[in-house]
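Please work from the sequences and hints to get the whole structure.
Below are the chains, spelled out letter by letter.
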Amino acid sequence: MSKHLIEFTDISKSYDGSLVLDELNLYIRENEFLTLLGPSGCGKTTTLRLLGGFETPDKGRIHFDGADITDLPANERKLNTVFQKYSLFPHMSIAENIAFGLKIRKKSKSYIEDKIKYALKLVNLDGFERRSVDSLSGGQQQRIAIARAIVKEPKVLLLDEPLGALDLKLRQNMQYELMRLKEELGITFVYVTHDQEEALMMSDTIVVMNQGYIQQIGTPEMIYNEPENAFVADFIGHSNILDGTMLEDRLVEILGVRLPCVDEGFGQNRPVDVVIRPEDVELVSPAEGCMEGTVTSLIFKGVHYELDVMANGYEWLVHTTKHIPEGTKVGILVTPFNIQIMRKPESSDEKAVEVDV
Amino acid sequence: MYKLRQQFLAGPYLIWIVGFILLPLLMIVYYAFTGSDGSFTLEYIAAAFTSETNRRSIALSLELGLICTLICLVLAYPVAMILNGMHLKNQGFVVFLFMLPMWMNFMLRILAWKLLLSKNGVINSVLASLGLGRVSIINTPAAVVLGMVYDFLPFMLLPIYNAMTRIRTDWIEAAKDLGAGSVTIFFRIIVPLTASGIISGIVMVFVPSLTSFAISQVLGGGHVLLIGNVIEQNFMQGAQWNAGSGLSFVLMIFVIASMAVFGMIDRDGEGTAIW
Amino acid sequence: MVKKSLQRLYLFLIFVFLYLPIIVLIVLSFNNSRTRVVWGGFTFDWYISCFQDEKIMSAFLTTIQITFLSALISTAIGTLAAFGISAMKKRGQTICLGATNIPLLNADIVTGISMMLLFVRFMDLGFMTVLAAHITFSIPYVILNVLPKLKAVNRSTYEAALDLGATPLYAFYRVTWPEIRPGVFSGFMMAITMSLDDFSITYFTKGPGVNTLSTMLYTELRKGIKPELYALSTILFFIVLIVLLLGNIRPQRKAQQL
Chain R
3 MSKHLIEFTD
13 ISKSYDGSLV
23 LDELNLYIRE
33 NEFLTLLGPS
43 GCGKTTTLRL
53 LGGFETPDKG
63 RIHFDGADIT
73 DLPANERKLN
83 TVFQKYSLFP
93 HMSIAENIAF
103 GLKIRKKSKS
113 YIEDKIKYAL
123 KLVNLDGFER
133 RSVDSLSGGQ
143 QQRIAIARAI
153 VKEPKVLLLD
163 EPLGALDLKL
173 RQNMQYELMR
183 LKEELGITFV
193 YVTHDQEEAL
203 MMSDTIVVMN
213 QGYIQQIGTP
223 EMIYNEPENA
233 FVADFIGHSN
243 ILDGTMLEDR
253 LVEILGVRLP
263 CVDEGFGQNR
273 PVDVVIRPED
283 VELVSPAEGC
293 MEGTVTSLIF
303 KGVHYELDVM
313 ANGYEWLVHT
323 TKHIPEGTKV
333 GILVTPFNIQ
343 IMRKPESSDE
353 KAVEVDV
Chain Y
142 MYKLRQQFLA
152 GPYLIWIVGF
162 ILLPLLMIVY
172 YAFTGSDGSF
182 TLEYIAAAFT
192 SETNRRSIAL
202 SLELGLICTL
212 ICLVLAYPVA
222 MILNGMHLKN
232 QGFVVFLFML
242 PMWMNFMLRI
252 LAWKLLLSKN
262 GVINSVLASL
272 GLGRVSIINT
282 PAAVVLGMVY
292 DFLPFMLLPI
302 YNAMTRIRTD
312 WIEAAKDLGA
322 GSVTIFFRII
332 VPLTASGIIS
342 GIVMVFVPSL
352 TSFAISQVLG
362 GGHVLLIGNV
372 IEQNFMQGAQ
382 WNAGSGLSFV
392 LMIFVIASMA
402 VFGMIDRDGE
412 GTAIW
Chain W
2 MVKKSLQRLY
12 LFLIFVFLYL
22 PIIVLIVLSF
32 NNSRTRVVWG
42 GFTFDWYISC
52 FQDEKIMSAF
62 LTTIQITFLS
72 ALISTAIGTL
82 AAFGISAMKK
92 RGQTICLGAT
102 NIPLLNADIV
112 TGISMMLLFV
122 RFMDLGFMTV
132 LAAHITFSIP
142 YVILNVLPKL
152 KAVNRSTYEA
162 ALDLGATPLY
172 AFYRVTWPEI
182 RPGVFSGFMM
192 AITMSLDDFS
202 ITYFTKGPGV
212 NTLSTMLYTE
222 LRKGIKPELY
232 ALSTILFFIV
242 LIVLLLGNIR
252 PQRKAQQL
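Protein chains in written order, with our numbering: chain R, 3 to 359; chain Y, 142 to 416; chain W, 2 to 259.
None of these hints come from the bench; they were simulated from the model. Just to be clear, a hint being listed does not mean it is correct.
Claimed, not checked - Simulated DEER-style distance windows between Cβ atoms:
1) Y/VAL159 / W/GLN66: 20 to 28 Å
2) Y/GLY322 / R/ILE301: 50 to 58 Å
3) Y/GLY362 / W/PHE52: 29 to 37 Å
4) W/GLU160 / R/PRO41: 17 to 25 Å
Unchecked claim - Short, incomplete list of chain W residues facing chain Y, as computed with Cβ under 8 Å:
5) MET89
6) LEU106
7) TYR219
Unchecked claim - Which chain W residues stay away from chain Y? Per the calculated CB distances, all over 12 Å, these:
8) PHE31
9) ASP54
10) THR64
11) ALA88
12) ASP109
13) ALA162
14) ASP199
15) GLY210
16) VAL211
Given the structure is predicted, the values throughout are model-derived calculations rather than measurements. All residues carry an ideal CB built from backbone N, CA and C; glycine is no exception.
Now the structure itself:
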């Protein structure tokens, strides 16, 4: 897991004068499942397209397995892409689609036939050779697109929102399929998505991006539990993000209430962002809480109820298993350990982290 | 009930079809298979292939039609590709400019070429003033082909361009991703995906060039006899209606056959989609 | 970069091929020299004599009459037919559309001759026979433009209008008509352009003394070229250009309003 297979160095790219990537630096290790996560327009797809060879960077270099591939055309790169729209050739049968890349490499007929069989088995579509592209469902087309890419035995498979067009149930199935495939093939996956649950579930490493900048790189646990800034926190889960002031070590003020916390080293009277996850907000009787509020909405979500609680001029998002009717007066309680303090962005370089989702 | 009543709206049209399309075609068949005395004969059908004039005109029509179609294809295909590849904001307008000459009156376009190619025409005047001598293209098959290409080029361009716009860029990217170079992409992706447009274009150029008679009359000066010219002479000069109908019948069979050869045209109005 | 310039050069050459003849016509229409194609000074004379030429003017008038009458009648018959065909079962539709395609696919010369053979049995060839012929080859364009729009019309909205108490006529006018109007319009425009452009069919169905611009030009061309024809060409070119621009701008303006 340690070898750096792909390295982006100081990559910048702009379209029509607007900067999409700004001095991006990123390495991808061999055999990892790395996900580029972010809202649309954050530069994740551009990063993938640069790697695939469909775009050239304005500045910076891309290395693959030690060799500079920045100017190598797409058809000479040893990696393959699974496109968002599947991009199966409509005038070819399934078998012809899968064989396309192999025929270009002038592989023998029997080799190609074996490969088609093997690939179709791998994506659970045995016997689909003669079918036409039109006759397949979206999920099946996506599997064929994957089969078409992996028969070329790439070292890296690039996946550009491959599940974006599928319905929820199919999506979840395909997520497990992809993870299984990754295990069986033992190759590197670079995955692009805007769906944080998908990213958290499948990835070894998540790269959160916004407005052309990398916001945070880390394991799913790190990203979820210790977001480095308000953007990551907000994007990764529906969180309560509040403006606060760090009065001193282990004491923060939000919404006019002083709360003890566990963070230190921010200095005195510094403005900060405070993140409190909805499942970490406890609802108690008005007298017991650190602030008082009223339940303004209640939605049943299956595992839990999702509540909006208006308290001190802020609408708190709360997850609870208790049924509390609208209009109930409640107290809000947060244990110090569950208060996450984050620095506010200061320099202009960091302004991209401002939340605008 | 409602549906039945609505079907009657097609009534006038159905009467019109019978009166002005089917009956007239039957007239051609009638004249083609009867002699001047009204008795049944295959003489005039046979004459289409046995008479020296007819045989030569059929051969020449096929030859010029094929040459014209081929030139149109070779000229139009790159234009469609380049236009489709240019990411212009007003691409529609550029395409419109290429289609505009198609809407000029057919006869005016021929007039323009006669003017250019004549013995004392524009091209020869320019050549003469440069001291380069003259060319004599007018009244040759070459002039007829030139006129046909000019007249029918947009009919080739439009369906191919329409088919080209339906090729998604991610198909091209997928092919590149799988290792295809530009030659492979052209022959394995672009050409097959524009096949329907190519076929429509071929039919839309080949049929009118096979059956044209005005172009060959004006630019060929009576020296280039196509099937159309022979038919026209039969009717307008010789009053040989049976012979003319026989040849027309054969021409009709040719048209149907050439369409069958080039496959069925897709009828989604590709060729008529400029408005 | 080199590839791009080569592409532009190619487009430019095709462009020259397409427009050079038209430009030459336009330039010569202002050329003060009757016989030679050499520049002899600027003049409007050909335009004046073009308008004084009885042959040209009568052909011009006939063309306008034939074109508008045939476009109007074929649009009416064709639109009604599209309604009828859309209500038919699959089999009836196939037969009707097959018949519709005959004049589109058949050679013009055969269509023209076949109609002439029929017409001469019942009447003298003349204005009416040309008009009938133009209507015949225009109807298919109307049907092919209206039918797809009609198929796209949501039948349930029409029925919803009836359900809400609209009379069938009112429901048609307010619900169905707005959706098929673009198809009817483009069918009408196609009919006009096809009629304006036709030569072969007119040539065979016309009688002596009746000429459209196409057949008049053909007769004149066989004799030689008169400079008045250059002027006529230029006028016609700009008429077509203006009509086309209007036709193409219309839908855009509509889109802007939305």
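Hint by hint, here is what the structure shows:
1. Y/VAL159 / W/GLN66: 20 to 28 Å: 26 Å, holds
2. Y/GLY322 / R/ILE301: 50 to 58 Å: Since Y/GLY322 and R/ILE301 have Cβ atoms about 55 Å apart, the given range 50 to 58 Å holds.
3. Y/GLY362 / W/PHE52: 29 to 37 Å: 30 Å, holds
4. W/GLU160 / R/PRO41: 17 to 25 Å: The hint (17 to 25 Å, Cβ to Cβ) is violated, given that W/GLU160 and R/PRO41 are roughly 43 Å apart.
5. MET89: 6 Å, holds
6. LEU106: OK, holds: W/LEU106 within 8 Å of chain Y, min 7 Å.
7. TYR219: Status holds, d = 6 Å.
8. PHE31: Fine: 14 Å to the nearest Cβ keeps W/PHE31 off the interface.
9. ASP54: Answer for W/ASP54: holds, closest chain Y Cβ roughly 16 Å.
10. THR64: The claim breaks: W/THR64 does not keep its Cβ more than 12 Å from every Cβ of chain Y (closest is about 9 Å).
11. ALA88: With a cut-off of 12 Å, W/ALA88 comes too close to chain Y, as the shortest Cβ separation is near 4 Å.
12. ASP109: The assertion about W/ASP109 is violated, with a minimum of 7 Å to chain Y.
13. ALA162: The claim holds: W/ALA162 sits with its nearest Cβ about 14 Å from chain Y, beyond 12 Å.
14. ASP199: It is violated; W/ASP199 is separated from chain Y by about 8 Å at its closest Cβ, not greater than 12 Å.
15. GLY210: About 15 Å separates W/GLY210 from the closest Cβ of chain Y, which puts it past 12 Å; holds.
16. VAL211: The claim holds: W/VAL211 sits with its nearest Cβ about 15 Å from chain Y, beyond 12 Å.
In summary, the numbered hints that this structure violates are 4, 10, 11, 12 and 14.
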